[in-house]
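**Student:** One letter stands for each residue in the lines below.
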Amino acid sequence: MTTATQTAATGNHLSTGAALLTLMKLRTFIALFAVIIFFSIFAPNFLSTANMILMSKHATQNAFLAIGMTFVIITGGIDLSVGSIVGLCGMIAGGLIMYGVALPLGYTVYFNIVEVAVIVMVVGILIGAVNGLLITRLNVAPFIATLGTLYVARGMALLYSDGQTLPNLTGREDLGNQGFSYLGSGSILGLPVSVWILIVVALGAAYFARFVPLGRHIFAVGGNERASRMSGIRVNRVKMFVYMFSGFCAAIVGLIISSELMASHPATGTNLELNAIAAAVLGGTSMSGGRGTIGGTIIGAFVIGILSDGLVMMGVSSFWQMVIKGLVIIVAVVVDQAQRRLQQRVTLMQMAKAG
Amino acid sequence: MAEQDDGDVILELKDITKAYSGIVALKKADLKLRRGAVNVLVGENGAGKSTMMRIIAGVERPTLGEIWMDGERIHLNSPADAVRHGIGIVFQELNLFGNLSVAENIFATREITRGLRGIDHKAQVEKANEFLNRLEAGISADTLAEDLPIGQQQLVEIARAVSLDTRILIMDEPTSALSAAEVDVLFRVIADLKARGVAIVYISHRLEELMRIGDYITVLKDGQITGHAMVKDIDTRWIVRSMIGSDAKDFAKQVDHAPGEEVFRTEDICLPRAQGGYAVDHVSIGVREGEILGIYGLMGAGRSELFECIMGRHEHYTGKIFVEGEELKGRDTTRRIREGLALIPEDRQREGLVQSMSIADNLSMASLGQFLKAGFHIDLKLEKAAILEAIRNLSIKAKNPDFDVTSMSGGNQQKVVIGKALMTGPKVLLMDEPSRGIDVGAKADVFRTMRRLAGEGLAILFSTSDLEEVMALSDRIAVMSNGRLVTVVDRKDATEEMIVSASAEGHKTKRMHA
Chain Y
507 MTTATQTAAT
517 GNHLSTGAAL
527 LTLMKLRTFI
537 ALFAVIIFFS
547 IFAPNFLSTA
557 NMILMSKHAT
567 QNAFLAIGMT
577 FVIITGGIDL
587 SVGSIVGLCG
597 MIAGGLIMYG
607 VALPLGYTVY
617 FNIVEVAVIV
627 MVVGILIGAV
637 NGLLITRLNV
647 APFIATLGTL
657 YVARGMALLY
667 SDGQTLPNLT
677 GREDLGNQGF
687 SYLGSGSILG
697 LPVSVWILIV
707 VALGAAYFAR
717 FVPLGRHIFA
727 VGGNERASRM
737 SGIRVNRVKM
747 FVYMFSGFCA
757 AIVGLIISSE
767 LMASHPATGT
777 NLELNAIAAA
787 VLGGTSMSGG
797 RGTIGGTIIG
807 AFVIGILSDG
817 LVMMGVSSFW
827 QMVIKGLVII
837 VAVVVDQAQR
847 RLQQRVTLMQ
857 MAKAG
Chain L
547 MAEQDDGDVI
557 LELKDITKAY
567 SGIVALKKAD
577 LKLRRGAVNV
587 LVGENGAGKS
597 TMMRIIAGVE
607 RPTLGEIWMD
617 GERIHLNSPA
627 DAVRHGIGIV
637 FQELNLFGNL
647 SVAENIFATR
657 EITRGLRGID
667 HKAQVEKANE
677 FLNRLEAGIS
687 ADTLAEDLPI
697 GQQQLVEIAR
707 AVSLDTRILI
717 MDEPTSALSA
727 AEVDVLFRVI
737 ADLKARGVAI
747 VYISHRLEEL
757 MRIGDYITVL
767 KDGQITGHAM
777 VKDIDTRWIV
787 RSMIGSDAKD
797 FAKQVDHAPG
807 EEVFRTEDIC
817 LPRAQGGYAV
827 DHVSIGVREG
837 EILGIYGLMG
847 AGRSELFECI
857 MGRHEHYTGK
867 IFVEGEELKG
877 RDTTRRIREG
887 LALIPEDRQR
897 EGLVQSMSIA
907 DNLSMASLGQ
917 FLKAGFHIDL
927 KLEKAAILEA
937 IRNLSIKAKN
947 PDFDVTSMSG
957 GNQQKVVIGK
967 ALMTGPKVLL
977 MDEPSRGIDV
987 GAKADVFRTM
997 RRLAGEGLAI
1007 LFSTSDLEEV
1017 MALSDRIAVM
1027 SNGRLVTVVD
1037 RKDATEEMIV
1047 SASAEGHKTK
1057 RMHA
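Chain order of the listed sequences is Y and L.
Under the numbering used here, the first residue of the first sequence carries the number 507, and numbering increases by one thereafter.
Under the numbering used here, the first residue of the second sequence carries the number 547, and numbering increases by one thereafter.
Hint data in this document are derived by calculation from the structure and do not stem from the laboratory.
Treat each hint with caution, since some may be false.
Mimicking EDC-like on lysine to aspartate or glutamate, the simulated pairs with C-alpha atoms at most 20 Å apart in a straight line are [unchecked claim]:
(1) L:K875 / L:E861
(2) L:K866 / L:E892
(3) L:K673 / L:D738
(4) L:K945 / L:E979
(5) Y:K531 / L:D948
(6) Y:K531 / L:E1014
Produce the entire structure from the sequences given, and follow the hints as far as they go.
**Tutor:** Given below as structure tokens:
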């Protein structure tokens, strides 16, 4: 008799547990709708097209970094250097447009905008490769290795112009390097170019994670590195890739920001790595590795972007904005942990009952 | 299971179930511990003894069930809770702080202090020496724990547990590293504790020890209690019967087919040990197509290390490895797999599975290269078909291949690891303790699969420390001991005595600890 009621009770427990689980899994979506609804009520002009486009441009910057960060975090690592890579890459783009590259014998080579973009992306990838080599070959913990490159890259950005801003990157007609502004201010079919690029990169990353062996291996390495090794996965290659890709994403952001401002400032991108981590975590990427999705990360980046822009529109002080952003991140991780525990409990209970 | 007099029960476990991801370690187990008595617990490896003790010691919490002490329900949420209730434990694995002195180890978390002047080291050493002398240990309390040989470390553990002044003292295989004389002293101490009303829980594999000091005996099998009696009423035969049960292990029927050509051979594989000597000591061994070669050996015989060398996991091994007559170069697991080798690791959780991924992703993770189109694009249909085929072939009980791999039982998880290895299309399959930690039914499935694969021409090397298993499954039996390959015999010519004595061969020259 008592056992019967007990079973019924645990049965109920199980189904409420399962419902709670679904709710928790959808938390990023719920958060996105919550911020949109909240600000459309309380922030004037929030739903205007102009504002939507402006916000999507802001969110795009975070989203690029967050995509790279997601892969890194899925392997169980972290990349703190992306904000500095943004700054350094922006400076290099500005420098290449303004001064070109001075060769010996007094020649100076100027590149067109496409070439500049390619060079800058290669630089981003190379810095990522340095991170990867430190982590895989020299066994430096990812946190420390990328903390090091954070300082080095930021220092190099400051050294590049002695701390000065490189203004007015319009280029010169006789050098054929005009048109840099297109990246940051151009639009196709009413959407900013940077958003289109984000769509391409995000779709590419999502495709890569599901349809390319190396992409699948990212998840395996983060879930269990030893088992991945035993299964013949080249773990070091996977890690090299994720840090290089993260550097690549950071280079794109560096280009976009300089293009938007038509100027390069060496402090650009400071603290952006934290936004990227926050977006990835908000989107359900597990800091312990093995789990995460590109889609979730994009939503996470938009939640953070909309949150900060909306608060500005409401006239909330920037000090309060920081407090609120921090709280949102903490709540996201707490919910994530609760979900994991609940999931485990539900599975174990089911197994215990099945015998 | 006759009810005994219950007057003296101090602790009772009621209907305890403990599930880990992948395995139910205890199923509705009941246990009564009696005051002033030695309560013996026996069972095979993996029967759930240690899990039960970890629950009593507050290290693990039961998934379902209740714990009662002195007629009151209690909750043991942490080891500190257990200590508060007067429960002490000597763990099977040593839990000493190697960098602290013996006295500091004994008084860890309850240091003798002198107010603001900090820890009274002198008093600690004096008191510790008292306890150690009672055990006639001959250890000075101010030596560092890591400087002691393993047997003496175990005595320190015991001294610490005794010094706790507990009402219940659990000893999980306390004699595994002790000499006969030390065991005698320990038994005198146990008798003394018993006289003072302490309830002792004693776990051991040595049946003659249990008969000597036990008062009550409880037998565990596959997470369930299968026997409970007074030791004076029973004999060792009763224990063995309760431990193994009536259902003998279901081994696959032998299929007689002539093995083919030799496909795999190692020559002089050597792996030096960090402490000197060899973990794998000049091992040369060959396997033919369609043959199952069983490698029998005790813990530390070097079986796993041999497999790891073969898979290229160790940088510094020496020797040659041939597959189909071709020598394999390099030290690279990825290449070894491509060249036709596959390993089922011993430790499924740490080296076999990716717990965060689904059943399907675990199965295909090592063989994604086979489903490619245009050199980089995985054809999901091809992949799915291969996954479903593996699930069917190995009769994996997976409701949905997209569920988490941890939602399955240990036996099915093991089949997933096997499936993953088979999907790489190996010519030689290495299986390190393939039946560890899985239930009887799954074991039979795994054994049948091994037979079938051998019938299809795969060469299989498997290692085991189960005598029955190696006799029943192998075409040939190799015995390893202390890194050396002692003998290789045909199953027809093998006897159990021969194998057991061969497995001790490597330890003859020097005394080894268990």
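**Student:** Look at each hint and say if it fits the structure.
**Tutor:** Taking the hints in turn, this is what the structure says about them:
no.: 1; hint: L:K875 / L:E861; result: holds, 12 Å
no.: 2; hint: L:K866 / L:E892; result: violated, 23 Å
no.: 3; hint: L:K673 / L:D738; result: holds, 19 Å
no.: 4; hint: L:K945 / L:E979; result: violated, 27 Å
no.: 5; hint: Y:K531 / L:D948; result: holds, 16 Å
no.: 6; hint: Y:K531 / L:E1014; result: violated, 48 Å
Hints 2, 4 and 6 from the list above are not met by this structure, while the remaining hints are.
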